[in-house]
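Chains as they are written, first to last, in our numbering: chain F, 1 to 74; chain B, 75 to 324; chain R, 325 to 678.
To be clear, the hints were calculated from the coordinates, so they are not data collected in a lab.
Incorrect hints may have been included.
Simulated restraints, written as ranges between beta carbons of each label pair [what the hints assert, rightly or not]:
hint, chain 1, residue 1, chain 2, residue 2, range
1, B, S231, R, E480, 52 to 58 Å
2, B, G78, F, Q27, 52 to 58 Å
3, B, E321, F, K73, 34 to 40 Å
4, B, G217, F, G40, 31 to 37 Å
Every beta carbon over 10 Å from chain F, so not counted as near; a handful from chain B, in silico [unchecked claim]:
hint, residue
5, E80
6, I178
7, G233
8, E274
9, K296
10, L316
11, G317
12, I318
13, K320
14, E321
Glycine included, C-beta positions come from ideal geometry on N, C-alpha and C.
So the chains spell out like this:
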Amino acid sequence: MPAKGYVEILVDTCKGCGLCVANCPTQCLALKQDDTNVFGYHYSYMSDPDKCIACMNCAVMCPDSVITVYKKKS
Amino acid sequence: MREGYEVIYQKPKTLTDNKMHYCPGCIHGIMHKIFMEVVEEMDIQEKTVGVCPVGCSVFAYDYMDVDMQEAAHGRAAAVATAIKRMLPDRMVFSYQGDGDLAAIGTAETLHACNRGENFLFIFINNGIYGMTGGQMAPTTLNGQKTTTSPLGRDKKSMGSPLKMTEMVTPLDGVAFAARVSGNNPANVRKAKRIFRKALEIQQQNIGTQFVEVVSNCPSGWKCTPVESMDWIVEQSIPYYPLGIFKEPGK
Amino acid sequence: MGEIRFMKGNEALAEAAIRAGMQGYFGYPITPQSEVIEYLAAEEPNHDYTLIQAESEVASINMVYGGAAAGARVMTTTSSPGYSLMQEGVSYIACAELPCVVANIARGGPGLGTIQAGQGDYFQAVKGGGHGDYRQIVLAPNSVQEMVDHTILAFELADKYRTPVLILSDGAIGQMMEKVELPDPIPYKPNKPWATTGKTHDRERNYITSLYIQSDDMERKNISLQKKFRKIEEKEVRFEEYMIEDAELIITAYGVTSRTSKKIVDLAREAGIKLGLHRPITLWPFPSERIIELASDDKVKAFFSIEMSAGQMVEDVKLAVNGRKPTFFYGRTGGIIPTPEEVIDFIQKKAGEL
Chain F
1 MPAKGYVEIL
11 VDTCKGCGLC
21 VANCPTQCLA
31 LKQDDTNVFG
41 YHYSYMSDPD
51 KCIACMNCAV
61 MCPDSVITVY
71 KKKS
Chain B
75 MREGYEVIYQ
85 KPKTLTDNKM
95 HYCPGCIHGI
105 MHKIFMEVVE
115 EMDIQEKTVG
125 VCPVGCSVFA
135 YDYMDVDMQE
145 AAHGRAAAVA
155 TAIKRMLPDR
165 MVFSYQGDGD
175 LAAIGTAETL
185 HACNRGENFL
195 FIFINNGIYG
205 MTGGQMAPTT
215 LNGQKTTTSP
225 LGRDKKSMGS
235 PLKMTEMVTP
245 LDGVAFAARV
255 SGNNPANVRK
265 AKRIFRKALE
275 IQQQNIGTQF
285 VEVVSNCPSG
295 WKCTPVESMD
305 WIVEQSIPYY
315 PLGIFKEPGK
Chain R
325 MGEIRFMKGN
335 EALAEAAIRA
345 GMQGYFGYPI
355 TPQSEVIEYL
365 AAEEPNHDYT
375 LIQAESEVAS
385 INMVYGGAAA
395 GARVMTTTSS
405 PGYSLMQEGV
415 SYIACAELPC
425 VVANIARGGP
435 GLGTIQAGQG
445 DYFQAVKGGG
455 HGDYRQIVLA
465 PNSVQEMVDH
475 TILAFELADK
485 YRTPVLILSD
495 GAIGQMMEKV
505 ELPDPIPYKP
515 NKPWATTGKT
525 HDRERNYITS
535 LYIQSDDMER
545 KNISLQKKFR
555 KIEEKEVRFE
565 EYMIEDAELI
575 ITAYGVTSRT
585 SKKIVDLARE
595 AGIKLGLHRP
605 ITLWPFPSER
615 IIELASDDKV
625 KAFFSIEMSA
635 GQMVEDVKLA
645 VNGRKPTFFY
655 GRTGGIIPTP
665 EEVIDFIQKK
675 AGEL
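If we strip away everything but chain F, and leave its shape as in the complex, we get (with noise of 0.2 Å):
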């Protein structure tokens, strides 16, 4: 069955605050521990999609505006 929802992060403009990460109910997001973007920061991605459920905590705590946030249409 397809995830609820999805995020998109730009990848370049996350500074791996993990402020989305900690306020995940589902913990589909995590940082990026093996990769840096091009400012040294360990990024945020989804690392076990299918969790989603389109509840938009992590970018509504996103200091930095990074995530858009998908729903599936009912």
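Given chain F, put chains B and R in place with the hints provided.
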């Protein structure tokens, strides 16, 4: 966009595309965003004029896509006063940190509130001087270590942290006073509703709107962003309780 | 001919500001200029401007900043210690290139000083006062009529160059009463596309700042400011002269001492001394070129700067004279206006030594 999906949350168009200079995890970015969301949702971008302070948010005009003025340290309230008096139909806000609003600018803050100047104070209180490298602020908690209170704030010689919202609430000129935080999604959403309410009160022209944001400073507090949010819950909010302190009709 | 009234200098300045289309006045009472805010407070119901009695001069000047950046014609007035408090704000205003008018009805200093008239704020007015490389136009009225004329002129120059303009008057001019002719109200239509009036869809956001954190940006800003200052120096020098054509000895004086200096010239002429007066009206830009011209004239033997200070404008006179002729200073402080008799004695004594 994937087929069968729609956008339900994106950066507001009232924020510019400039990359913010704030440290990772700083609540400034969250507050910039939700305040600009309110400006977008109320469709008041053309009418909004802001004032930025001296402090970490000195460059707020790089991010908020509205007309703005950069004030001298502590003088944002005086600057905002004049803007609103000269342009009474505009929506005016000052965006200030704790050094700006509660130390060097205390007189301007209190007198603008006391005159009931019809603009919105957004007061970002993270209890430390972030931009200059982590010195003690008037809002630093008792016992809190900073570079100028290395043994922890000692209230005997340094005084206790100022509760600005409690100070301005009794003033006749203040129509709306609230304290919010940006430490978790629920509080961020609540803060956004409070900002909207404050601006709606500004439209009624009944007095000053004062919103304090209990904020963080991972760099100054020397912790991770996530740890800083826990610290807000454990240390800041017990001293700086959240809620609406004053609103019209109540 | 405009309306004729018998007015106090401070009230004349206030009335002129109203007629110049001032939209915002922000001030704090201080002797000897409180009549300005009192007059404006009394007149406010009859006009469109907004007046705020601020909590301090610091707040006043920053209200001026905010009002000017919002596109309004704004003014504050104060006296010496209050003007000291405004210096940071003036520097910001100069850098942010905001038009505004400030009047300093100066008293004697330093410190809390005296409430009597003084000219000890010359350095502060023309050399900066605040931090950084900035200049401001400084007008020095010497009559109640000029309190009116200079106020009108100050608003025009402020808008023309987007700069703070200081009216450096003193407690004597501010408090004296004279006949004045008032101009009809000037229709003022602001055209300030740079002002922060709300970002409309057809333009980028406007922001007013004096912050240039990158070195090359800051230098570029300074170069552009200096270019403006050179243009002002070229276009806006104003001075007045009296009995200068055949003068061998020249008094330089501004403001209240330029009034007594006219009398001094008359008395000296009666005694057969060929004395003349050069009176700078703009203290910045300073009439250096004219003084160089006078100093290069063979018949001119010496300059005498007469001030109510311990010797301030004399430094600019000396810079212009540049050693071509002897330059002397005579001044009194504490609010004491030098009498014609003591000045003539001084001039005769010095001239005798030449």
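Original post:
Tell me, which hint numbers fail for this structure?
Top reply: 2 and 5
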